[in-house]
Amino acid sequence: MPRASRNGSGRLLPRGVTLLALLVPVATIASLALGANALSPGELTHAVLRPDGQEGDVIVWSLRFPRTMLGLLVGAALGAAGVLMQGHTRNALAEPGLLGVSAGAAFAVVLSLRFAAVDTMLGMVAAAGIGAALAATAVYALARHSVHEGGPALVVAGAALTAFLGALTSAVVLLDAKTLDSYRFWAVGSLAERGQDTPAVIAPFVIVGLLLAAMNARSLDLLALGNDVAASMGLKVTRARLVGLAAVTLLTAASVAACGPIAFIGLLAGTLARALVGASWIRGVLVGALAGAVLLVGSDVIGRLVAGPGELQVGVVSGVLGAPLLIWVIRRRELIL
Amino acid sequence: MTSLVPTRSSTLPLVITTVVATLLLAVGILLSLGTGEIGLSPVEVLRTLAGQGDPFTELVVRDFRGPRVAAAVLVGASLACSGTILQSVARNPLASPDLLGINAGASVAAVAVVILAGGNGGVSGLAASVGLPIAALLGAMVSGLALYLLAIRNRQLDPIRMVVVGVGIAAAGTSLVSWLLTLGDVMVVGPALAWLSGSLHAVTWPAVAGVGLTIAVVLPFLLAWTRRLDVLVLGDDAAGGLGIDVHRTRVLLLLLATALAGVATSAAGAVVFLALCAPQLARALSRTSRPPLLASAVVGAALLTWADLAARMLLSWVGFGPVELPVGVFTAVLGAPYLLFVVSRTRSTSLEGRRP
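Just so you know, the protein sequences line up as chains A and B, in that order. Read in this note's numbering, the first sequence has 117 at position 117, and its numbers run on one by one without any break. Read in this note's numbering, the second sequence has 317 at position 317, and its numbers run on one by one without any break.
So here's chain A without its partners, still in its complex pose:
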């Protein structure tokens, strides 16, 4: 809140946001060029401008381009979902991974893989959507009275929900070796080998989710004043909460179905958004989406570079880099937004 006055006046967008927007193409280019077989700038421009079937062209278009698009989409989705959840719960630690929403989506996906023989990305997104919506409603209902004070009880409720759903997930997975084998590669959270058309399948969900999030952010500026004040200023509080739930559900479901549960991207993006634009939620969602995209693609590139010629899955990189951030936030920051 106190930061709003410092950043809100004068310039349309703070310098940090411009820098972040410039980082998106930088991360994209790095993701296209770097990896087990690093491409020179010449090879990359050749592949992008006049592809004619050379080795570099194939690498870029069949492997790295879908992967990068997926990273941008999923990162933007997780970042915006993180900001939105932080706004609704008024808790600096809220994000899909920590609050159990991703775990709900993951459990629903595993159930659908095992019992309904779902094998299309669309079916997985649908299953993940149901799971995410139920988990988000549950965690919000359970920690409701601490929500207004932005209490850390929400994080503990999320951890409990994650553990509960995780146990159910492993019960399902352990009873069937085939599900186990596909589960472990999906559960780690990775952008690799997700299929050529996955980005196209989840793109509509992410775009609708982002639009809903942007619409909802305007209500968040009012909700920040408290439910009663917001209602007296003409806001339909219940509808605003439901739109928020729908946006978080769409964004989380699309990302979990495509890449598995990836924690901390939402937390990082939300923290960055608040540092850059303060309490303006509508800008926060924009910055959160940008930051999420940069962070996820960046983590993916880091994972490819540090473990070459193999790679570290992006979920591992974000977990190992994100946990210290969580600890830093809880040590230094005011948790109540």
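For the record, the hints were derived by calculation from the structure and aren't laboratory data. Careful, some of the hints might be misleading.
Stated by the list, open to error - To be clear about the criterion: a stretch of chain A counts as covered by chain B if any three or more of its residues have a C-beta under 8 Å from a C-beta of chain B, and this derived list gives those stretches:
| # | stretch |
| --- | --- |
| 1 | 162-170 |
| 2 | 174-180 |
| 3 | 284-298 |
Glycine is no exception: its CB is placed at the ideal position from the N, C-alpha and C atoms.
Since chain A is already given, all that's left is putting chain B on it; use the hints.
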């Protein structure tokens, strides 16, 4: 220890709780030793335990089910003790080795040993009997130390900060474990995942001995320190005023809790929520101001013995065939709703200790 519990009411509920839990534990042990593919009556089990069984029942009771039941008792007791200490030190009913990331540290170390040193056949020989428990213990110690250093500020321990730091450590540990799991062969990964969910399936007598030894060393020491636990619950300032070196006492207690949880985890994997629930259950039943140590240990042992019996037999009782669930899945499915209940009932102000 009963006389030291600072309470207005009588110690009668505490005594009753301890006695009833002990009885339930004994019945659970008898049933668990007798139940399985080969059914034995409690009388047969008792006769075998007294050394008068035939060689066949002796084989079943001593070699097949013995280590498993003994492990359930000892692991349950040590996890409950660990939870009791942590909840008293953190002044927080939500503190437990699994929620605070101590189990995650043990899991990372143990899975690393299984996956990286195991080749295709899993760990065997010396690496399995000595290396795995020691690795788990070291992993638990490292994450316990990190937890303490990160949760403390200005030599003050903020209870809620400790829990969230723990959630962070646990999350980092979980993602490392997921990565380790993708490295291994699926034949190794299956057992590793079952172990991670907490399973008493493959427990051996040496592992049981390790847990038993740890409890035998730590428990008397803890009972001697009961008064310090009572005073720590009052908060740093009051405890300091009553003449206790808060910092040193806390480090030592945390070390003991970590050792108990680490050794238990090395034997049985990540049995979650037991360390959280057992002390609180014992406290509620015996109406003491903080979790009572001995009663918690007995309640924990009884809970895990019964949970293991249920996890072992549930699926075949409902007609699913002789498949068993890891006991940790069972404790999580039962324990997580309890944690959610506690969170939903607790006002965040009381959860946050002395935050303004």
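Now for the hints, and whether the structure bears them out:
no.: 1; hint: 162-170; in the structure: holds (count 6)
no.: 2; hint: 174-180; in the structure: holds (count 4)
no.: 3; hint: 284-298; in the structure: violated (count 0)
Hint compliance for this structure: hint 3 is the single one not met.
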